[in-house]
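Just so you know, the sequences run in chain order D and Z.
Be aware that the first sequence starts at 1, since it is given in the UniProt record's numbering, and climbs by one per residue.
Be aware that the second sequence starts at 1, since it is given in the UniProt record's numbering, and climbs by one per residue.
No wet-lab data here; the hints were simulated from the structure.
Since the model is a prediction, treat every value here as computed from it, not as a measurement.
Misleading hints may appear alongside valid ones.
[Claimed, not checked] Computed footprint of chain D on chain Z; a stretch qualifies when at least three of its residues, placed anywhere within it, have a C-beta under 8 Å from a C-beta of chain D:
no., segment
1, 27-41
2, 74-83
3, 160-174
[Claimed, not checked] Have a look at the derived ranges for each label pair, beta carbon to beta carbon:
no., chain 1, residue 1, chain 2, residue 2, range
4, Z, Leu174, D, Glu103, 24 to 32 Å
5, Z, Glu29, D, Ala68, 55 to 63 Å
6, Z, Glu141, D, Gly148, 33 to 41 Å
7, D, Glu29, Z, Ser50, 38 to 46 Å
8, D, Thr27, Z, Thr64, 48 to 56 Å
9, D, Leu104, Z, His152, 22 to 30 Å
10, Z, His152, D, Gly137, 21 to 29 Å
11, D, Glu192, Z, His152, 39 to 47 Å
Note that CB positions come from ideal geometry on N, CA and C, so glycine has one too.
2 protein chains.
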Amino acid sequence: MTEINHRRADHPIHSIFLERWSPRAFTGEEIGEKDLLALFEAARWAPSASNLQPWRFVYARHGTEHFARLLSTLDEGNQRWAKNASALVIILSKTHRVTSTGELRPAYTHAFDTGASWFALALQTQLAGWHAHAMAGVDREKAMQVLGVPEHYRVEAAVAIGRIADPSTLPGDLREREKPSQRKPVSELVFEGRFTGE
Amino acid sequence: MTEINHRRADHPIHSIFLERWSPRAFTGEEIGEKDLLALFEAARWAPSASNLQPWRFVYARHGTEHFARLLSTLDEGNQRWAKNASALVIILSKTHRVTSTGELRPAYTHAFDTGASWFALALQTQLAGWHAHAMAGVDREKAMQVLGVPEHYRVEAAVAIGRIADPSTLPGDLREREKPSQRKPVSELVFEGRFTGE
């Protein structure tokens, strides 16, 4: 079957799913605003419950006044390498929806739908010759403050976007981990009729 | 710019993002088990926090004993058309992770990461000549029972997968809605430096 990036697909799939991965070695070069917005264009077309489109993105491009501020919301371990990203993005989801009677109700799938949008962003980024690396390691309270995020929004993740650089540019411990990760076999993830996992 | 399915991209993106949509008119024909598992193969390679891979999928193919059981967990409005799917899928996420010291801790991004995996499934489905339609309208407690899902898992969504059929096969109210939906403009979703949405 398809083998790319030392990854082996057990069933035939489009190569983009194996090609996409999350490096840490970035060149730090500038990304044009138009080039960046084109990546969000793909994210925009993701599906969502009742087409609510709960995803929101706050970005900072390398070389702008905003970059250091967004970088400061990441965990220190992530700042070490994400400082060389061409752009940083904080992904937010809208946690509530307004009903037809004007009531504010929790939106059950806000994080799930926003994850779909994130993957569209990740794929288009890869297709455009860039790489995207999402991080759960972000100080979410600080990000809410620094970005001016009102209530009823949730910080889902941060993302570093950039051109891939040689792994030798990374600190030693990260250099060793700079390769596409593997996955669990389908048999641990997919079940017929009933859930029989652990 | 790219225009597909009456959808217009404001920035250049790969056509698959516009081509993918969620129809309700399905033919009800059988899907081979191998063909179905190949769709989950793409879902498997999605990114997740610490590579935890929190996504799980329970499926039932049309014509098997499991199909009616999965169908019964959907809202009645969805059962009307999803009964003609070639396969139904319940998407679960693992809500907790085990720490290095053996402690059970909530996994912040379980729904978000599972949403990414769902979008990989949706795209591969589209690329393989099928269509996928996710539904938030599922009785989640019933699905947990019927599928034998243990605690520390969450029902995220249900999905109908099938070959697209003529809209005339749908009940009148659904027939009128049988077209790709539009999206908010990028300016309502993407912000530089600070969140200035509503």
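Evaluation of the provided hints:
Given as covered by chain D, the segment 27-41 of chain Z passes the check, having 5 residues with a CB less than 8 Å from a CB of that chain where 3 are the minimum. A stretch counts as covered by a chain when three or more of its residues have a beta carbon under 8 Å from one of that chain; for the segment 74-83 of chain Z and chain D the count is 0, and the coverage is violated. Check result for the segment 160-174 of chain Z against chain D: violated, 0 residues qualifying (beta carbon to beta carbon below 8 Å, three or more required). Between Leu174(Z) and Glu103(D) the Cβ separation comes to about 26 Å, which falls inside the hinted range of 24 to 32 Å.
The hinted window of 55 to 63 Å between Glu29(Z) and Ala68(D) holds, with their beta carbons roughly 56 Å apart. Range check, Glu141(Z) to Gly148(D): Cβ separation about 38 Å, and the 33 to 41 Å hint holds. Between Glu29(D) and Ser50(Z) the beta carbons are some 28 Å apart, a value that contradicts the proposed interval 38 to 46 Å. Restraint check, Thr27(D) to Thr64(Z): a C-beta distance of roughly 51 Å satisfies the suggested window 48 to 56 Å.
At about 29 Å, the beta-carbon gap between Leu104(D) and His152(Z) stays in the expected band of 22 to 30 Å. For His152(Z) paired with Gly137(D), a C-beta distance near 22 Å keeps the hint of 21 to 29 Å intact. For Glu192(D) paired with His152(Z), a C-beta distance near 22 Å fails the hint of 39 to 47 Å.
The structure does not agree with the numbered hints 2, 3, 7 and 11 stated previously, though it agrees with the rest.
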